[in-house]
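Colleague: What follows is each chain in one-letter form.
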Amino acid sequence: MSRAITTRKKVMWTALAWAFGLLMFFPILWTFLTSFKTEATAIADPPVWFFFDWTTENYNVVQERSNYPKALTNSIIIAVGSTLLGILIAVPAAWAMAFVPGRRTKDVLLWMLSTKMLPAVGVLYPLVLLAKWLGVMDSRILLIVVLMLINLPIIVWMLYTYFREIPGEILEAARMDGANLRSEIIYVLTPMALPGIASTILLNIILAWNEAFWTILLTTVDAAPLTKFIASFSAPEGLFYAKLSAASMLAVAPILVMGWFSQKQLVRGLTFGAVK
Amino acid sequence: MGQISLNQVTKSFGDVQVIPPLDLQIDEGEFVVFVGPSGCGKSTLLRLIAGLEDTTSGHINIDGRDATELPPAKRGLAMVFQSYALYPHMSVRKNIAFPMRMAGLDEATQTAKINAAAKALNLTDYLDRKPGQLSGGQRQRVAIGRAIVRVPAAFLCDDPLSNLDAALRVGMRLEISELHEKLKTTMIYVTHDQVEAMTMADKIVVLRAGNIEQVGSPLDLYHAPRNKFVAGFIGSPKMNQIDGAEARKHGAETIGIRPEHLQVSKTDGMWKGTVGVAEHLGSDTFIHVHETGLMDMMTVRITGDIAARHGDTIYLTPEMDKLHRFDAQGLRQA
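Protein sequence lines, in the order shown, are assigned to chains A and B.
Residue numbers for the first sequence follow this note's numbering, beginning at 823 and rising by one.
Residue numbers for the second sequence follow this note's numbering, beginning at 176 and rising by one.
Nothing false has been slipped in among the hints.
Taking lysine to aspartate or glutamate pairs in the DMTMM-like style, the calculated list, with each CA pair at most 20 Å apart, reads: (1) Lys294/B / Glu356/B; (2) Lys497/B / Glu421/B; (3) Lys357/B / Glu203/B; (4) Lys249/B / Glu991/A; (5) Lys294/B / Glu353/B; (6) Lys305/B / Glu991/A; (7) Lys378/B / Asp395/B; (8) Lys269/B / Glu991/A; (9) Lys441/B / Asp487/B.
Because the hints were derived from the structure by calculation, they are not lab data.
With the rest of the complex left out, here is chain A (with noise of 0.2 Å):
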């Protein structure tokens, strides 16, 4: 009898957790066919679902009028770029917290937290009076060190937690067996948090692909990667829903593929990292 009701609660469970995963990928599946819809057919009344005539006119005209690849390219250079820059600077600044924590530690570690609390366009104006002075609106290095800036509290929390997993024993036994600082980061520390380090790089790449508010304010076109050519699609043009969508597939396609290859690092980054 008992094992009858947990298989009931079992397929309710199952049920619970697939509509709810059917209401998250809706977005996404809805943006998928509309994409492959005529003009018309996007904006008909009632939906659409499954049966019109597929096309992708969309996608050629999409890339026509703009350069994907280009665009695409620049997405790959700042994504990777902010985050493997965070991570430089990241992994000593989460080692000393976790290794050698002072009085002060858990108060830093709050502080930089506080900063993500900071309404981002309350920087703006200084930051584009700072980059203008600088001569680098519209460059790549401007949104690498500011995608950089964004994501380092959570870079440094994820590693943080990372590291406080690591036995500091195995730490001070390579301090006995000779090794330096910089080989103990090396040789003993960055492989036994090789797992985490890597979904530390996986979540922020795609943090940094995603991001929108300052990819779209700082560039105009060099630096222009692919939310700047999602954004060219809406505005001046009005509501072209097709074309839209089509931009914004060509635009998460890449990062999806990624994220659904590296699921498990993924998911393993988002319990322990900066949530916990």
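Starting from the structure of chain A, add chain B where the hints point.
Modeller: This is chain B only, laid out in the frame that chain A set:
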């Protein structure tokens, strides 16, 4: 090589002083055991010598050189940790090679030393495995292998056998003793287990609350404990300690008699009591005696087997030359 001396060393964590000023001399080739109840500061003392903790004041000399400010890597000591602390991402071979790699030894020397250590420690078949694929005893051997390849001035062992089961512990105890006989390297060994201390040490340092209670050979400590604490801590089962009128009869505030130094009779003797529990080990029998009017429960150890049932009346007579006398401060009387 391998002479270590501590001069007026202290350690405080914040406002709490865990090691009051302490002096200790460890001679070359000695097997020194730090023993004491948990929280007595024995691990802290070892970590101070290792350099993993900074001294608050005082000096540590290793081979005549002031090592107080040296980082652990520069002290030339090797350590075996309680948790083994092997590098989980490296094979056994790489674990053992690590200290040599850090010292910049050439490949050929490394390989030769790894093979020699593996042979001595029965690890030859496991060199390419990761620590996760080894049993507790094997991991312990790898940790020892990693310590011996670099030929340190001294080995520091932080309760390395406490994670092993009883049978394995006895075997490893013997192996470590044999290793010390063979290498003749100074060894400082921390344990909470007085049996380990008694069986392995040349010199035992008994610690309580960061203070050294007594330093001496195992038999010194057994035959002439300096105070009531050492008397109770060294020896198993524990020494019986009797206060009051009976002690004053023997000219002391407290008298102590070890369970093995009591004669048992069913008919007559100095003290009368009732048998509580009798533990038969085959070779020995431990009898717990109640209602003696001297202390809550006295323990007697008799060689061989004896028919003693719960509730039997029993008479005990101490061997007078084995009686320990302590004064009001708990110190041994001459």
